[in-house]
Structure formats: C-alpha cells, structure tokens
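Colleague: What follows is each chain in one-letter form.
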Amino acid sequence: MSAFNAIGEEREIDREEFTPGIEPQPTWCPGCGDFGVLKALKQALPEVGRTPEETLLVTGIGCSGKLNSYLDSYGFHTIHGRSLPVARAAKLANPGLEVIAAGGDGDGYGIGGNHFMHTARENHDMTYVVFNNEIFGLTKGQTSPTSPKGHKSKTQPHGSAKDPIRPLSLALTSGASYVARTAAVNPNQAKEILTEAIQHDGFAHVDFLTQCPTWNKDARQYVPYTDVQDSDDYDFDVHDRVEAQEAMRTAEEALYEGEVLTGRFYVDEGRPSYQEEKQRIGEMPETPLAERYFDDDYEWERAYDEFIDKHR
Amino acid sequence: MTESELIWRISGGSGDGIASTSQNFAKALMRSGLHVFTHRHYPSRIRGGHTYTEIRASDEPVKSRGDGYNFLLALGDSFARNPQEDAYYGNEELKPLSENLDELREGGVIVYDSGLLDADEIEGFDRRVEENDWHVYPIDLRGMAREQGREVMRNTAGVGVTCALIGMDLEYIQDLMREAMPDKILEPNLEILQTAYEQVQEEHDPDAHDVRIPSGEHDEPQLLMSGSDAISYGAIDEGCRFISGYPMTPWTEVFTIMTQALSGLGGISEQVEDEIAAAALALGASHAGVKAMSGSSGGGFALMSEPLGLAEMTETPVVFVEAMRAGPSTGMPTKTEQGDLEHVLYTSQGDTHRVVFAPGTVEEAYDQTRTAFRIAYEYQIPAIVLYDQKLGGELISVPESTFDREPNPDLGSVLTEEELVDAPHNAAGKYERFQHDVEDGVSPRSLPGQKGGRFLATGNEHEPSGHISESPENRVAQVDRRSQKVEAIRAELDDEGNQTPHGPEDAEYGILTWGSQQGTVEEAVDELNAAGHSVKSLGVSDLTPYPVAEVEAFVESVEEVLVVEMNASAQFRGLTQKELGRYGEKLSSLLKYNGNPFEPADIVEGFESTMIDGNDDVPGIETTFVPAAGD
Ligand SMILES: Cc1ncc(C[n+]2csc(CCOP(=O)(O)OP(=O)(O)O)c2C)c(N)n1
Ligand code: SF4
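Protein chains in written order, with my numbering: chain Y, 1 to 312; chain L, 1001 to 1631.
Simulated from the structure, these hints should not be mistaken for laboratory data.
Hints are supplied without guarantee of correctness; some may be wrong.
Unchecked claim - Here are the computed lysine-lysine pairs in the DSSO-like style, where the Cα-Cα straight-line distance is at most 30 Å:
#	chain 1	residue 1	chain 2	residue 2
1	L	1184	Y	310
2	L	1451	Y	191
3	Y	217	Y	278
4	L	1451	Y	278
5	L	1184	Y	42
The structure displayed is predicted, hence computed values, not measured ones.
Input sequences plus hints: build the corresponding full structure.
Modeller: Here you go:
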C-alpha cells in the first residue's frame, strides 16, 4: 500500500479540519493582521479541496511564521528567510503535496530576497504568502524592506534613507506566473485570491497587507482598499505583462501615498511550472520520488550496474 | 615503497590536457595488471600555470603517491606565451621542466618537448643531469603532432614515447583510445602514438636507463576510482535520490558526479542560488520522504550552518559532504588541507549534535558515505562526510568488489500509514512526532501526505506534538532525548571497525592520523619498521561520536604518539585530547600546511627527528613539530 494514499482522495473538506483540536493560544497581539491571513487560508483551503494531510505549510521566522501553529496540516516552521528553498524541494520530492510557503516582509523580501527572486524565476508550483506589515514585528518594530522612505525606527532614527522594495514588480520581473495583493481588512477578497493562488499551476505570489497595531500604527494597511479590477479607474488586462507592470507600479507608489490598491495584477496560465519543465527535459521523474521508497515493486538500481564501465 | 615501481609525472600548463591524458594512462597501467595511485597538482586558473599529475604504478597495492618519482614527461605550457601580445610571462614557459626536477629520483628519465622547451635556458641543467644520472630525451613532440594531425595531440606523442622507453605494450592505450575517441580524431591519434613509439625505438636506446614498467596481475578485477566517485556511489547505493548544491572547488566533483548518476536513475539534482538554499532544499526533500544530500567546501559550508542546526532541531535526516581546501576564506582553492575539522564539528549554535565521518581511503569513502546515510535516516540526525581535496581528487585502483553491495532504499525510522493508526496520538488527534521517552531517543517520523501523521516540524524548541514550547520540563526532556541518540550511535559505530590500525600490535611508538593521510602514514610506518624502529598507526575515521575506547587503548599501548595532520593548529590532536580527557603529555603533532599532502618521507623524517632525536625543530620548511601541553 502506498504511504501517500491521502493524495487524490475526493471528498468534501470541512473548514474545521484545518483547525487544531485544542486551539493553541495565539501569540499574536489583539488586532494583528495575521489573524486575517489565518482566517482567509482556512476558508480557501476547503475550496481548493485538499485535505490537511495533503497540505504542507512551510513558514519562516517572525510573528507571521507562527501561522502553522494555528493551522492544522503538515507543517515546517523553518529558519528566518528560508521557507522557500525548503518548500521547493518538498514539492519536487512529492509533487502530490499542496505546498504553501508563508512569512513576513522581512523574512521574504529581506533576508530571503534571493530565494524569492529565484523561486519566482523557476516558477515552482506553489503559493507564497507574504504578510506585509511594513515592519519587523517579532523583533519589535525595526524598519523592514517595505517600510516607506523616511520611516523612523530604533534602528533608523533619522528616518530610512532607502526606497521600499516593490514586491509585486519584483515577483513579475523575476518570473512569477501569478501575482496578487490583498489585505487582511478585506476577508472576502483575501479568501478569493488565496483560493485562486493555491489553484494556480505555477509560482503564485500574494503580497498580503497585514496591520501591525503594536509597532506600525501609521501604515496604510488599515485603510479601506480599492480592488483594482473592480475599479473603472484601473482598467487593465491581468494577462498582459506590460499593463500589469504599469498597474503594479501605480499600486506600489499609491500605497505610500494613502491609497491601497489590491487585487490580481498578473496571471499567466500558459507558463509551464518548474516541475513540468524539469520533467520535459528529463531532469525529473514522472512518478513522485517520495513514493518509490514505499513501493515494494520499485526496482532500486545500483551505481555499480549503471556507471561502473567507465571506471574499468 | 615497493622495489619495482614506476612513478610517472606528466607536466604542462592547465588546459593542456594533462588531466585526461594522465587518466587514460593510469587506466592503461591498471588494465595491464598494476595497482595505481594518482596525485594531481594544479593551480587555481583555467589556462596556463604549471600543473602536473603523477601516477604511481606497482605490482603491489599502493597507498600514497610515494616519495619522488622516476619518469618525467614535460609537455611544456602552451599557454605561457600570450599570443595576443606575443609577450612572455617571465620564464613561465620552462616551468613544466624546471619546476619538476627537485623530486626526480636518481637514475630517472626525462622526456621533454623540444618543440616548446629549451633545456639550455635552465640554469645548471646539464650539471644536475650528470649529478643525478638522469637520462634525457629531448623530442619534438609538438612538431610530430603538427605534422600528422593537430598540435594538441602532442600528449599522445608523449605517451607513445613513454611506452617505448619503459617497455610497455601499446595495446592498452590503443584500446582505450578506440573506446573513448570519436572516429575523426581516433585515426590521427593512433598514428601519432605509433610514430612516436617507433621513432624512439629507432633513434634511442631505452636500455640506457633502468626505469621499466613492472609486470603484475590483479587477484580480482579493479576499478579506477576517486574519493569523489566513491562518495557519490556510496550515496546512490544507499538510496540517495536528491542532491542540491552550488559549485565550489573541490566539492563540485561530487556534485557533478551525483548529478550525472541521478539523471540516469530518475533522481533529482538542483543547482540553486546559494549554499543556504542548497542545504535548505536537502532538508525539504528529506522532510517529504526522499534520501537527500547536499554539500560544499569551507566557505559554502559556513553558509549551511543554520540549516544544519535546523536539521538537528527538527530531526530531519540529511547528509552533507564537506570537501576541505586550504583556508581561511577562499584560501587556496585547488590545494589540500585538513583545516575545517573544528568548523565542521562545532559550527551552528546551541547544544547541537551531528555525526561526522572522515574516510581515510577511497574504499572507506564508499563505505562510510553509506554508513552516514544509514545513521542519518535511522537516528534522524545530520551526518557529515568530511574529506579533502586530496582524497576527493586522487584516482586509485580499487577492487571492484568494494562497490558490490546491495542497494539500501530503507528510509529508516519512518512509519507506514498502517503503523500510524496505532501510533501514540495526543488529545488533539495529532501524531506525537517528538515523544519524550523512546528507545535510543529515536521518535519515528511520518511523512507529509500520510494519513494520521500530521505534525509540525519547527526549529524552535517544541513539545511532543511539534508545537512550540518554552516549558522547562519539556526543554530538558527534548534536549536529553536528542543527546541520547548520540550515545546510541556511538554504541552502534563501535562495532563498525571504522578505525584502521596498521603495524605491529606491540609497537613502542604510535602515529595517530585522520582522513586522507591514513595511507601515507601506513607506508611511512612500514618504512620506519623496516629501518628498525617499532611503530604502529591508527587512522581515525569516526570524528563524532569519537571512538574514545579504541583511541584510548591505542595511546595506552605505546610510549609516545605522533599526531599527523594537514593543518597549522593541530585540530585533531585538540579533539583527541578533549575527548580522551588526558594523555596530553603523550601526544605531539607533526603538521603540514603548505597546500600539499604529506609524503611518506615527511613522516619518516618527522618521526625520527621528534620521537627519536627529541628535536622540536623538524628540518625542512614544510613540516612543523608542535609538542603538546601536559595534562
Ligand atoms: C538569521 C536570523 N536573523 C535574525 C533573526 C531575528 N528575527 C526574527 S523575526 C525577524 C524579523 C521578522 O520580521 P518580518 O519577517 O517582517 O515578520 P513579522 O514578525 O513582521 O511577521 C528577525 C530579524 C533570526 N531569527 N534569524
Ligand atoms: S507585533 Fe505586530 S505583527 Fe507581531 S503579532 Fe503583534 S501586531 Fe502582529
């Protein structure tokens, strides 16, 4: 019997399945935007139809990284900035898993920025949710890569001299095939976008605006948002790179000027995922690697037979 | 040192085909029934710069490159002259000849390419030839190659000349050429080989010198393997099907061999953005249920230290290989050293545990890589195979039977879904992945995708369910359990025979060494005993857990111990003293850290001068003697 027969099972999934039996006391502050991500994920996952056992949630370090303490699935709470490389390999090893990576803006755009760029470039079939509160939460309010220019903190007392990073544009130019931004203050859109992102076949990046009432009261994350696709002012085609790029630029500037624009910014259904590319060129087997170890009929070859001739 | 042996050195510039030519010649010698051992010396540049490869061939098994050599084929450095500017880089051009004379034995043979090199430009050449009774054959290899094919084929001409001068049949070389070369270049190469061979026989008298190819016969079929090959095949035979890495010399060899091998076996290889990612990917693959490995060399391994700690805390099995080169920082990329020992033992924060193996030979590299995987997956702990540029790069003839073992895809302590049904669950219905009281400290794991096995792996301290916890009682229980695994591993490894004793059991003196120096030390021990001393050695391969009992018995049994290693700070002696807790006054160090490995003569000389004569000052600039502090 395969060890992975939870995969592919078809049945209705209940939202409560993703809720731990005894709810651990959340360590998030009252009013924290992170609750919004948790709620949206719990609503989205049953829509996607995957069981908690088919789901692997890989997180980084930060308040955001605590996410998988409150979501019941297989989980890997890694180290600061490194959720993506762990998640990538788990997906390659067992493509039957629904792999979701998550972490903060410091985690994903700062220390893990290199991995963000490369995971998007490779277009791994997974979802990456970045809790963007424009601040380092867990280490008590230092300036983050998304903090606005001039933002004052204990580590930047004169106000940051750096322009904030542009995560949506960065994801797009790096090669992500799905790029969206949503906000904790809008649960309906958040659920819809997360559902879509998880179902997307390729690297789906969701910049999730989360408020941090404890360290970052000034951020725009609390402000009522505009859905760029519902709005007549931002009429653009999410499938057109150039238009999407322009819309992202507007959204990324507007965020620091008082207007919060969210929604789908770019969707490319045509780009093959990394796994598909690897399989096409013969770099990856069709059957999940992980399953072989439990497959009694699988023939394990020895180096001896395959390669020894060139050493004779 | 055996009586009849050929030690052939081919020298030239990097990029002149020294590596491929010597590899072929080594194989030809092996096929003719001899045991071979090769040693590579190359600079950290792609083209030009003096490089050589040495092949020692004997009818008896050989364990090191030996002392000196007796046949030089100097091809010349075709890149020394800068064609664009037509400028010279000093007398760089002559290096393939001039730089190699010091180690050429008396009565040795020199063949040099008179098309590229002019011996008259080397100061005192004729005098040295006479003094050492060398036999010199200036031959226009370049001209010969140009006439019949292309200039690059002067390597082949050199091999033809060699065969004629040492009395070796051409058939082994010809066979290899036919197997490896495409038709277009095969014909001219065979032609050049033959012409060169015949020309020597016509124009010279090979009987003028005594350097001859020995004749031998193998008891069993042999393979030409490097340490990097052996590590890779060990990993593959043990079921490793995922590798991730970032290129860095000399680890790149394992990375590329594994990649090629895995592609044939339907495994996965990932070249990623940096070493942090590489290590993290290996963890991700292992967490999902695949035997995985990553690796690097010094600086790259430094980047892996945080994922290494994560593997320990989350109890994710993984194997890393660390290929040492001379450090610190980027150091000397193509030169060997054993300076990363402490780095590999202690890097990463907290009370971490890992298993570290340092194989001493190519055969051990295969065996101990397998053991590393078995231990890592059984005990859910990171295991590291620590080796150096020397062991990774040297090609040696080893019995085919070394590699003739059953594959082992066993994932270790993983439960099946049936077993998970009866496994302990907490009140929340979650699988207790990290139970407190389990035998040997090993709490079996489940894999994502399995029914009834959901758990959280986290680098934070956690309770049995995997949830983050800072409870003092839980902390102590978890730390103790993780440590308990190490004791269980120690008990298991004690039976493995990973340590290699050599020499008479009742010897008066001992030499302790680790990793790649083992074979060289053993040859030195034989020489010392032949010279009337009473010496034995122990090559240590288990570094963590350290084989305390075995090393203690060894140290107890002798008067004094010389610890031989390739670094300047006596790292292994430090480890030994720490693990044994005493015997400081009995241990002295013989250290070499100039980028080149020990040769048997270094050790013989170092031993006699320090152990016998009691000098603190070892003659020569290359080795240093450091007496240990007392207990
Ligand atoms: C290598 C490393 N550097 C620094 C830290 C300390 N650290 C923990 S969380 C964090 C920042 C978290 O900020 P962010 O990623 O924005 O997440 P948030 O807490 O806001 O959700 C830092 C710097 C660490 N754990 N590891
Ligand atoms: S510090 Fe900020 S981000 Fe962290 S839990 Fe509190 S509100 Fe949320």
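Colleague: Run every hint past the structure and note whether it holds.
Modeller: We went through each hint and held it up to the structure:
1. L:1184 <-> Y:310: 21 Å, holds
2. L:1451 <-> Y:191: Given pair residue 1451 of chain L, residue 191 of chain Y holds - Cα atoms ~26 Å apart, limit 30 Å.
3. Y:217 <-> Y:278: Answer violated: residue 217 of chain Y to residue 278 of chain Y is near 45 Å, above 30 Å.
4. L:1451 <-> Y:278: With Cα atoms ~29 Å apart, residue 1451 of chain L and residue 278 of chain Y stay inside 30 Å; holds.
5. L:1184 <-> Y:42: The given pair, whose Cα atoms are some 66 Å apart, is violated under the 30 Å limit.
Violated hints, listed in ascending order, are 3 and 5; each of the other numbered hints is respected by the structure.
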